[in-house]
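Generate the whole structure from the sequences, applying the supplied hints.
First to last, the protein sequences are chains A and B.
So in this note's numbering, spot 335 of the first sequence is number 335, and the numbers just go up one at a time.
Count along the second sequence starting at 1, add 335, and that's the number in this note's numbering.
A portion of the hints provided could be inaccurate.
Restricting the straight-line Cα-Cα distance to at most 20 Å, the calculated cross-link-like pairs of lysine to any residue (SDA-like) are [unchecked claim]:
hint : chain 1 : residue 1 : chain 2 : residue 2
1    : B       : K467      : A       : A54
2    : A       : K58       : B       : D722
3    : B       : K781      : B       : D722
4    : A       : K45       : B       : K781
5    : B       : K447      : B       : P551
Source of the hints: derived by calculation from the structure; they are not laboratory data.
Please read these numbers as outputs of a predicted model, since none were measured by experiment.
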Amino acid sequence: MSKGYRKYFKKKIFWFIITFIVAVMLNFFLPRMMPGDPVNAILSKTLGNTTDAAAIQKQYEVYQQAFGLDKSLPEQFLIFCKNAIRGDFGLSFSQYPRSVSDIISSSIGWTLALQIPAIIVGWILGNVLGAVAAYRRKIWDKVVMPVSLFFSAVPAFGAAVVLLVIFGITLKWAPVNGAYDPGMIPNFSWEFISSVIRHYQLPFFSIVLISIGGQAVGMRSMSIYELNADYVKYSRFLGIKDKKIVRYVFRNAMLPQVTGLAMSIGSSVGGALVAETIFSYPGLGSTMYKAITASDYPLISATTLIITVMVLIASFLLDIIYAFIDPRVKAAQFD
Amino acid sequence: MKKILALVLAVAMLLSVAAAGAETVTTLPRNKTLYHGGWQYGSIAAWNPLHSNSNNSMAISANPRGSRTLVWETAYMYNALDGKLYGLLAEDGYEWNEDMTQLTFGVKAAAKWNDGTAVTADDVVATWEAWKKLDGYNGTYAGYAPYIANIEAADGKVVISLVTNDEGKPVNPLLVYDYLSGTYILQKAWLDSMFEKHGGDAKAVAEDTCSEKDVPYSGPYTFYFDNDQLTVLVRDDNYWGQDESMWGKLPVAKYQAHTIYSGNDASLVAFKEGQIDVNQQFVSNIQDLWEKDGLAISTYMDEAPYGVCATMPTAWFNMEVPVLQVKEVRKAIAMAVDYDTIIANAMTNQSPSFADVPRSVMNPTDGEQALLDHDAIQPYQWDATDDLDTRIEKAKALLDEAGIVDTDGDGYREYNGEKVSLKSCCPNGWTDWQAAMEVVAAAGEKIGLDITTNYPEWDIYQTVFTAASQTEYDIFMWSPAGAAPSSPWARVRGLMSSEYIGLNSNWSGNFGHWSNERADEIIAAIPLAATEEEQKALYTEATILYLDEVPSFSLMYRPESFYAVNETVWTNFVSQDLNAELAAEGKPQIPPLDLIDGYGIAGQYYIELVE
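Right, here's the structure in full:
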């Protein structure tokens, strides 16, 4: 590795560490600034007939202690950081005494399995559509593009609800709740896998549908720009076949799209919230939604930390890869 | 490209299957599984019955008004329909000593733990001792210690000694009934092992999630499976309750399952599709499901109010607000409310009207209504006879007489020179309550009081009405106690007792912090009333005081639990018709408590398959 590369990486790593520290602080402090009292909510179930003020206070303090809320915020933050390094995010308020790590580990798999394929498929289809619209024009550009634009403008919850009502409730083509049939206990049988696929359809397509449009629009614009670039005109002048030119055009047009893909994957956990909530999909998005509505600070901090880390890693890798694949970026960064 | 797509999807499927945590190769047979809805909205946090904050709704919910006894059992089951306690682990009936300071009951000889050992009086004693040790981590002991002095075993029976006052009388014998129907009996050997395992550390015992899910139980069901989407209990075919001294047979369904939905909308869709058999969920215009949609859905009764109402969602006046300390203002607001609109719109007629069941401190059940002298309270029931327009005129007159008038001509009355502006609130998303609050606000407008509505999120709202002091909101909603062995006394206490004033995290009652010496005296006297007549006189006096002072006012009646069934797979659920048959046979009627709470669990033994 050259000296230039090393300097570039060091600089990048430094800024990512700074960003990470700030993000962790925000993840910790912002949820705790929300109004509400999670301990009071827990007491609704534990107090029973208790009317003795001292007994109530004692229980209040016990739960405060269990969650570390009896300490000052800076102290809580230091404990949070110390424990988070070991993967210990403490106990959940809303699912006490379950640990946050346990809750996340049981739901993150569903989210990644739903989001990553949906994002990738949406990205591929969107780019192909955008490229074809730019190159072929005619009906592609006049019909397909406006339709994609329409879908890209539909809010995530809108697309999900429309799919749910039309294909789930009215036509009954696909189930609308959960990740598999209600009576099923997970196993490696075809019956179970087919049930997972059936339940996968609607949340999957609700994500794909809205991501196609955005990707297609970006790709079309970039492709049109590239198709009119001097090197294309020059290549045509030289008599190089269109098929070969188009390959170069799309490779160049693809660069900003790669950024979009990486960022989408990075923020997939956050993006899962709408589809998972509407389709009762048992992933991290649903978990995060419930945590927010219950002021479950430890769970909110942990889930948002996951999003932060994923986005940071995605953008870091992107910067690194860009440095290798795009000499213009490299040149600019090394200057 | 196709290959990549196929690969991505295949990996996703495998990840999904792996995420599900493949454990057991099973699909629950539909014709052996009873699906419930409306209880479990998140994955289960713990299987520890000592953990009173458990969200394990299918297995752990101990409450006097009807404990869930599918897995762990209580001594008695409360039947809200006849107000009686029926023996579960305890023999039917109990004995009081002469001065009602000691209650004795026997444990059923047939009662067994799942390991085959007998349930004994020692288990009952050990459970009380465990609550004692867990004080501070669980509210059971703190809640009952002011009333129960000791629980011991004598000659194989359980003897409960009550706390007595200076005169040697029990402080409150009613709450002993609550304890008997509202707390689980746990195995002594297991309790000992738990404290031993954690070196006597009560906090550690309370926080143990019992992730092995192997806590000894005496009920008909036990853990089978749970994850983020489903919780399943399986029947223990060796259940002691098939003995003739109890049910004489096993419950019909092999599995009790609850799918975890993201919310009420998703749950309702599943209910309509027959994926839920018994649903505990408020469904507006529920009759449309069978009248318009033609679904095989029914409720306890064919006609409105469709269920048995046992509680009253209530609007509470914040007594810290000077203008609300004026009785006439409280009363005027309550008088001007259009209750028929609330019942028709917010409850879609799933509540009797206040003309059908005139307001008091009682719920609409016959048992509670019989405890009142209706002629005596009639003059105080402002909406029993007058129509809304008359009530509004009377309310205006009441305010005028109190000197609360509009002096600046802006259409709103002033108090101490300032416009009367009140903020009312209830949790956001509780649509029936929000609709009710809008009607209350409209009532204010009609009588010249400015009432605005606010709907904070639940997490904020729960700090509003439970606070020892509330300065932001003036009128808020919550329900007093429903049906329980200690009701209606518990409701009177919740509506009027000053013992709740100044309490932080007050989830129990008198949320507006109203204080009245006579009310406190009545509350102390009711549990010790020597005769039913004396009790009736006290309840009547309490009602008159409540309706005259209006520290709060009920907006509607409401069932203890909502109850609707889909008869696509199972039928012969608890209904008015089934109860008529049982009554004809001289058997106790079964409360429509979703086949899982209190004596409602008896419904498990009557369901039949449609095919």
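Results for each hint:
no.	hint	verdict
1	B:K467 / A:A54	holds, 15 Å
2	A:K58 / B:D722	violated, 50 Å
3	B:K781 / B:D722	holds, 14 Å
4	A:K45 / B:K781	violated, 39 Å
5	B:K447 / B:P551	holds, 10 Å
Checked against the numbered hints listed earlier, the structure breaks hints 2, 4; every other hint is satisfied.
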